[in-house]
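Engineer: The chain contents come next:
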Amino acid sequence: MRKLLPYILLIPTFVIIVMFIYFPAGTAFKMSFYKTSPFGNRMIYVGFRNFIQLFQNPDYLYSVRFTLIYVSFSVTITIFLAFILAFMLTRGVPGTRLYRTFLFAPYAVSPAIAGTLWTFLLNPVVGHVNYFFMQLFGVQVEWLTSKPYAFYALIFATVWKMLPFNMIFYIASIQDVSTDLVEAATLDGAGTMTKVWKIVFPLVSPITFYLVIMNIVMTMFSSFAIVDVMTRGGPGGYTTNMIYRLYLDAFAFQKRGPASAQSIVMFMIMIVITILYFNFAERRVHYQ
Amino acid sequence: MTRSGRQRLNTILIEIVLILVSFIFIMPLILAVTMSLQPPESVFSFPPKFFPTSFHWQNYVEAFHTVPFGRLLLNSAIVAAMITAGKIITGTLAGYAFANFKFFGKNFSFAFLFATLFLPAETVMIVPLFSLMKQFGWVNTYWALTIPFMASATNTFLLRQHFLTIPSSLEDSARIDGAGPMTYFIKILLPLSKAVIGGAVIINFVYSWNMYLWPLIITMEDKMKTVQIGVKMLIDAESANNWGIIMAGTLIAVLPTLIVFFTLQDLFVRSLVRSGIKE
Chain A
18 MRKLLPYILL IPTFVIIVMF IYFPAGTAFK MSFYKTSPFG NRMIYVGFRN
68 FIQLFQNPDY LYSVRFTLIY VSFSVTITIF LAFILAFMLT RGVPGTRLYR
118 TFLFAPYAVS PAIAGTLWTF LLNPVVGHVN YFFMQLFGVQ VEWLTSKPYA
168 FYALIFATVW KMLPFNMIFY IASIQDVSTD LVEAATLDGA GTMTKVWKIV
218 FPLVSPITFY LVIMNIVMTM FSSFAIVDVM TRGGPGGYTT NMIYRLYLDA
268 FAFQKRGPAS AQSIVMFMIM IVITILYFNF AERRVHYQ
Chain B
14 MTRSGRQRLN TILIEIVLIL VSFIFIMPLI LAVTMSLQPP ESVFSFPPKF
64 FPTSFHWQNY VEAFHTVPFG RLLLNSAIVA AMITAGKIIT GTLAGYAFAN
114 FKFFGKNFSF AFLFATLFLP AETVMIVPLF SLMKQFGWVN TYWALTIPFM
164 ASATNTFLLR QHFLTIPSSL EDSARIDGAG PMTYFIKILL PLSKAVIGGA
214 VIINFVYSWN MYLWPLIITM EDKMKTVQIG VKMLIDAESA NNWGIIMAGT
264 LIAVLPTLIV FFTLQDLFVR SLVRSGIKE
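Here the protein sequences line up with chains A and B, keeping their order. The opening residue of the first sequence carries number 18 in this note's numbering; numbering runs sequentially from there. The opening residue of the second sequence carries number 14 in this note's numbering; numbering runs sequentially from there.
Among these hints, one or two may not hold up.
[What the hints assert, rightly or not] Computed list of lysine-lysine pairs in PhoX-like fashion (alpha-carbon distance at most 25 Å, straight line):
no.: 1; chain 1: A; residue 1: K272; chain 2: A; residue 2: K52
no.: 2; chain 1: B; residue 1: K147; chain 2: A; residue 2: K47
no.: 3; chain 1: B; residue 1: K115; chain 2: A; residue 2: K20
no.: 4; chain 1: A; residue 1: K164; chain 2: B; residue 2: K245
no.: 5; chain 1: B; residue 1: K115; chain 2: B; residue 2: K245
no.: 6; chain 1: A; residue 1: K272; chain 2: B; residue 2: K147
no.: 7; chain 1: B; residue 1: K236; chain 2: A; residue 2: K20
no.: 8; chain 1: B; residue 1: K147; chain 2: A; residue 2: K52
no.: 9; chain 1: B; residue 1: K200; chain 2: A; residue 2: K20
no.: 10; chain 1: B; residue 1: K236; chain 2: B; residue 2: K147
no.: 11; chain 1: A; residue 1: K272; chain 2: A; residue 2: K47
[As the list claims (entries may be wrong)] Restraint ranges, calculated between C-beta atoms of paired labels, are given here:
no.: 12; chain 1: A; residue 1: L220; chain 2: B; residue 2: F275; range: 55 to 65 Å
no.: 13; chain 1: B; residue 1: A98; chain 2: A; residue 2: Y255; range: 37 to 47 Å
no.: 14; chain 1: A; residue 1: Q152; chain 2: B; residue 2: L277; range: 15 to 25 Å
no.: 15; chain 1: A; residue 1: N296; chain 2: B; residue 2: F116; range: 54 to 64 Å
no.: 16; chain 1: B; residue 1: I189; chain 2: A; residue 2: T209; range: 28 to 38 Å
no.: 17; chain 1: B; residue 1: R19; chain 2: A; residue 2: P75; range: 21 to 31 Å
no.: 18; chain 1: B; residue 1: A94; chain 2: A; residue 2: G112; range: 35 to 45 Å
no.: 19; chain 1: B; residue 1: D185; chain 2: A; residue 2: A207; range: 47 to 57 Å
no.: 20; chain 1: B; residue 1: I272; chain 2: A; residue 2: E159; range: 47 to 57 Å
It is worth saying that the hints were derived from the structure and are not from the lab. Beta carbons: idealized from backbone N, C-alpha and C, even for Gly.
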């Protein structure tokens, strides 16, 4: 019985991941080599044609480019801001607890709600952001329906939503950095900037790596809700990222074959990220 | 400037930046509250109102009339509770297996599970997962909304790590006292893990309450949708852009997670760091 028990304990988990992750992944892989006949009643094997067409399709290539830009912008800004704010929040200034609560709050807000809140704030007629822009610069901006502002709007909302997650991790790891090191540097006459960028930032680099990976995963996928609520991929496909493209092709245009090929591309990206992550995580365990 | 003088200046600067930034961060939520309490005529006022002039609770009533929020809230609660319960059950069982047992294929099964760490089924595999749900006849059901997400690598890993910290001498003495492995698990291991499980409950609840893409495609009937989709329905319905009503709906949808966050903040934050659960 004791020999069998661990297998029994694992059954629920494995039934679910096999049925709902591995099996669909296999199906996606298979479907990516097929096209559905016009009446949807027959599957035709087309080899790599779905993939070839995908990489010849300007709309798809655009979504890949857009994803790349969107992910790199939001991740870089989030990481940078989160680190600085976390550093400030660990200096023990009065009121830290209150600031921390306020800065963390967006973590509990879903991407869909974040999108709604920012849609409202950026609304050209009733939005408060435009009110400030009007007062300061005398301009009114159509944030969500014009280029390149729709992109900025998405970045705003994404950074607002993701920053707390990163800040929580940075605060935890900055608190782990021995204060002796920082104090020694202070005695050596190091300025605040030197201390921050030459001592603390390198010391927390493992967490930075972890956060970069997490943020890439989050912006690749969770951004769906933000894009769907704020811009619906518009204006004119301008903010259509990979996951939104996949959604459109699969569920709006019913192109199952090409959509599966897109799933496989995203799947491959995730495999690369997972391998990167595990290589890194293993190394960290080694050095501890 | 003397060192203490410079330090004081630094503190003041940090203080100013933190006040400004936290103000900007919390602003969207505060403005949502004030806007949700304004009558339609003041929604379009320019300059926009920053404080409610009156308390127009009618917006909340109308949000419930425009979208069946009662039902959607119930759905979200059912979905979040089922996923959370499922994840805790599968995660504690599998975590126990990985932490306390030696068995053939352990390394392989561990790797097999952890390969799924970054493969959120709800996004990468939506197309085949959707077809699968159709074959099962699960479209528009709670089953489709919950069962595929009832196990995850992150949860299993979190619980395994915690079980590993519990001294094995406890298990030995339990065995000497005649307790079987399941008795030890239920009577000793789980009660000792209350804090970790509590944290996992909060994080998983927030995560599943906030799911968007999957509920959007798998539910066609309004009565099966969740509050996250309800907010979008409200925006679509309020084409006249009565933002008072939309903001009321938004706050209804975000309230449970915000309450959880503000009351259990410390546990929430601690568990998040420990588990690193992604969204």
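Engineer: Taking the earlier hints as the rules, which of them does this structure contradict?
Structural biologist: Of the numbered hints given earlier, those the structure breaks are 5, 7, 12, 14, 15, 16, 17, 20, listed in rising order.
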